[in-house]
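There are 2 protein chains.
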Amino acid sequence: MILKTALIQQARCDSAEKNRRETAAAVRQAATEGAQLIVLQELHAGLYFCQTEAPAHFDQAEAIPGPATDFFSQLAAELKVVLVLSLFEKRSAGLYHNTAVVMDVDGRLAGRYRKMHIPDDPGFYEKFYFTPGDLGFEPIQTSVGKLGVLVCWDQWFPEAARLMALAGAEILIYPTAIGWDPTDSTAEKKRQLEAWQTVQRGHAIANGLPLLAVNRCGREAEPDGEGLIDFWGHSFACGPQGEWLGKASETPDTLLVDIDLAQSEQTRRIWPFLRDRRIDAYGDLLKRFRD
Amino acid sequence: MILKTALIQQARCDSAEKNRRETAAAVRQAATEGAQLIVLQELHAGLYFCQTEAPAHFDQAEAIPGPATDFFSQLAAELKVVLVLSLFEKRSAGLYHNTAVVMDVDGRLAGRYRKMHIPDDPGFYEKFYFTPGDLGFEPIQTSVGKLGVLVCWDQWFPEAARLMALAGAEILIYPTAIGWDPTDSTAEKKRQLEAWQTVQRGHAIANGLPLLAVNRCGREAEPDGEGLIDFWGHSFACGPQGEWLGKASETPDTLLVDIDLAQSEQTRRIWPFLRDRRIDAYGDLLKRFRD
Numbered sequence: 211m212i213l214k215t216a217l218i219q220q221a222r223c224d225s226a227e228k229n230r231r232e233t234a235a236a237v238r239q240a241a242t243e244g245a246q247l248i249v250l251q252e253l254h255a256g257l258y259f260c261q262t263e264a265p266a267h268f269d270q271a272e273a274i275p276g277p278a279t280d281f282f283s284q285l286a287a288e289l290k291v292v293l294v295l296s297l298f299e300k301r302s303a304g305l306y307h308n309t310a311v312v313m314d315v316d317g318r319l320a321g322r323y324r325k326m327h328i329p330d331d332p333g334f335y336e337k338f339y340f341t342p343g344d345l346g347f348e349p350i351q352t353s354v355g356k357l358g359v360l361v362c363w364d365q366w367f368p369e370a371a372r373l374m375a376l377a378g379a380e381i382l383i384y385p386t387a388i389g390w391d392p393t394d395s396t397a398e399k400k401r402q403l404e405a406w407q408t409v410q411r412g413h414a415i416a417n418g419l420p421l422l423a424v425n426r427c428g429r430e431a432e433p434d435g436e437g438l439i440d441f442w443g444h445s446f447a448c449g450p451q452g453e454w455l456g457k458a459s460e461t462p463d464t465l466l467v468d469i470d471l472a473q474s475e476q477t478r479r480i481w482p483f484l485r486d487r488r489i490d491a492y493g494d495l496l497k498r499f500r501d
Numbered sequence: 211m212i213l214k215t216a217l218i219q220q221a222r223c224d225s226a227e228k229n230r231r232e233t234a235a236a237v238r239q240a241a242t243e244g245a246q247l248i249v250l251q252e253l254h255a256g257l258y259f260c261q262t263e264a265p266a267h268f269d270q271a272e273a274i275p276g277p278a279t280d281f282f283s284q285l286a287a288e289l290k291v292v293l294v295l296s297l298f299e300k301r302s303a304g305l306y307h308n309t310a311v312v313m314d315v316d317g318r319l320a321g322r323y324r325k326m327h328i329p330d331d332p333g334f335y336e337k338f339y340f341t342p343g344d345l346g347f348e349p350i351q352t353s354v355g356k357l358g359v360l361v362c363w364d365q366w367f368p369e370a371a372r373l374m375a376l377a378g379a380e381i382l383i384y385p386t387a388i389g390w391d392p393t394d395s396t397a398e399k400k401r402q403l404e405a406w407q408t409v410q411r412g413h414a415i416a417n418g419l420p421l422l423a424v425n426r427c428g429r430e431a432e433p434d435g436e437g438l439i440d441f442w443g444h445s446f447a448c449g450p451q452g453e454w455l456g457k458a459s460e461t462p463d464t465l466l467v468d469i470d471l472a473q474s475e476q477t478r479r480i481w482p483f484l485r486d487r488r489i490d491a492y493g494d495l496l497k498r499f500r501d
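Protein sequences, first through last, are from chains A and B. The numbering of the first sequence is the numbering used here, which starts it at 211 and goes up by one. The numbering of the second sequence is the numbering used here, which starts it at 211 and goes up by one.
If several chains are the same, the list does not tell them apart, and a pair holds so long as it fits within one copy or across any two.
In the DMTMM-like style, the derived pairs of lysine to aspartate or glutamate whose C-alpha atoms are separated by at most 20 Å in a straight line are: (1) 399 / 475; (2) 356 / 494; (3) 457 / 404; (4) 356 / 316; (5) 337 / 490; (6) 290 / 232; (7) 400 / 470; (8) 356 / 475; (9) 290 / 243; (10) 337 / 486; (11) 400 / 440; (12) 399 / 331; (13) 356 / 501; (14) 337 / 263; (15) 290 / 468; (16) 290 / 316; (17) 497 / 486; (18) 399 / 460; (19) 214 / 316; (20) 228 / 463; (21) 300 / 272.
Bear in mind the hints are in silico, worked out from the structure with no lab data behind them.
Produce the complete structure using the sequences and hints provided.
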């Protein structure tokens with residue numbers, strides 16, 4: 211029941227070709243070291259383009275299946291690994307999603323998840339680019355288990371993790387692109403990073419599931435030079451009690467982490483939260499606000 | 211907007227009178243030091259009797275209002291503080307609840323919350339004693355703000371915190387009785403304590419609210435001498451980014467913490483999670499399991 215995972219945390223440049231070359235090399239290296247499940251960061255193909263609202267950026271989107279999935283499908287099949295990608299999906303003219311895609315060991319597209327919660331705040335103008343997902347919160351069945359794949363902003367919403375757990379997900383997985391505003395104070399940066407870690411570890415605990423969060427790193431400038439984001443890296447893995455299993459630093463890194471999938475059963479026996487949920491009293495969770 | 215709070219963490223003995231004397235003294239002391247909101251631990255009147263299933267323990271329950279609320283109502287009025295109690299409520303013969311009660315500064319019973327999620331695991335046989343609450347997740351309006359009072363086992367359920375936040379709670383409050391099995395390993399104890407802290411800090415973050423958790427401390431033996439619980443103390447307060455505002459140790463302590471209620475507004479502006487909840491896709495949260 212030990213699943214060998216790799217979390218690939220990278221910095222990106224403006225050459226899609228160089229980015230893909232680096233990613234493929236890191237995936238190959240992780241496979242060589244025994245990884246069975248390899249997770250890439252959010253929108254790993256290039257720079258985080260949502261720092262501005264620029265119609266030309268839609269050119270970076272592509273269909274799924276399409277050239278990117280073809281490439282990674284071949285790679286997954288060659289290396290016999292399960293691969294979690296994060297792509298800018300073009301579904302139709304004027305209809306785009308922020309989509310995670312899972313390739314199984316035979317190269318088959320095992321499933322996709324379209325990011326359900328879309329952020330929009332200064333430097334992260336995602337509501338301009340991404341239509342909120344319409345596939346719901348459905349885990350993706352693979353040869354290494356049922357993967358609860360979510361994306362970035364989803365990581366702040368306990369509802370998303372819970373729905374994945376209730377649907378039988380065996381592990382929660384978050385490709386991510388989050389960083390600091392360099393003008394923020396050191397104290398604020400520390401609070402933000404720790405909050406990001408804590409809320410996700412909280413999902414692991416509340417659901418008795420292991421969790422992988424894979425974040426990009428490196429400084430990226432807004433194209434017109436006004437903004438900067440220091441993507442904070444710090445990809446991590448934790449177990450079903452939220453215990454640390456591995457942590458990356460702020461620089462490019464591949465984190466290799468063994469996950470014991472049998473531990474969820476043990477943890478949920480001592481902490482049987484699923485037994486005691488008050489589903490008779492949760493109706494107002496479907497309201498915007500209780501006013 | 212600064213609210214001065216006190217978290218009173220105590221060890222208990224088998225004398226109800228001594229326990230109450232100690233609690234009253236600690237409340238007086240906290241009020242002297244300026245506390246406006248004072249929170250007591252779960253079932254503070256005595257030992258944690260749920261280590262066994264003994265019908266005689268129902269004798270400890272009493273009506274609300276009743277002698278205990280009369281006593282603390284007078285104390286709250288005298289000291290002009292808001293007081294959060296946790297009592298064993300007798301509602302009828304054969305019908306008991308684990309109930310938190312809030313007294314306002316004028317001694318008025320501002321409201322009650324009946325613990326909604328009831329645990330039951332070795333050493334914590336609460337399902338024998340407590341009927342699950344039937345008042346739902348409703349914050350209690352007081353002169354110092356709208357209090358999202360929950361109790362112990364509720365602290366593992368993101369749904370409870372979310373429902374309080376959606377109903378306008380300005381602070382989450384958890385009277386608690388949680389401890390270690392002395393036979394567990396040091397590593398397991400560390401995981402449990404950290405999980406307990408982390409999942410609650412996660413609720414603070416996911417909802418942009420400050421949070422107080424007040425736990426008992428001290429070793430308590432099961433009456434027939436078979437079991438032991440080391441109540442781990444570690445009462446704490448955190449802010450709306452989950453940042454630590456105060457932590458107690460494992461021994462009796464009163465934690466005085468200033469809470470800036472205005473910070474939630476600021477935090478929710480940079481992290482507007484309530485804006486982006488996918489209430490159209492949360493329907494299955496009302497299911498036991500999605501199978």
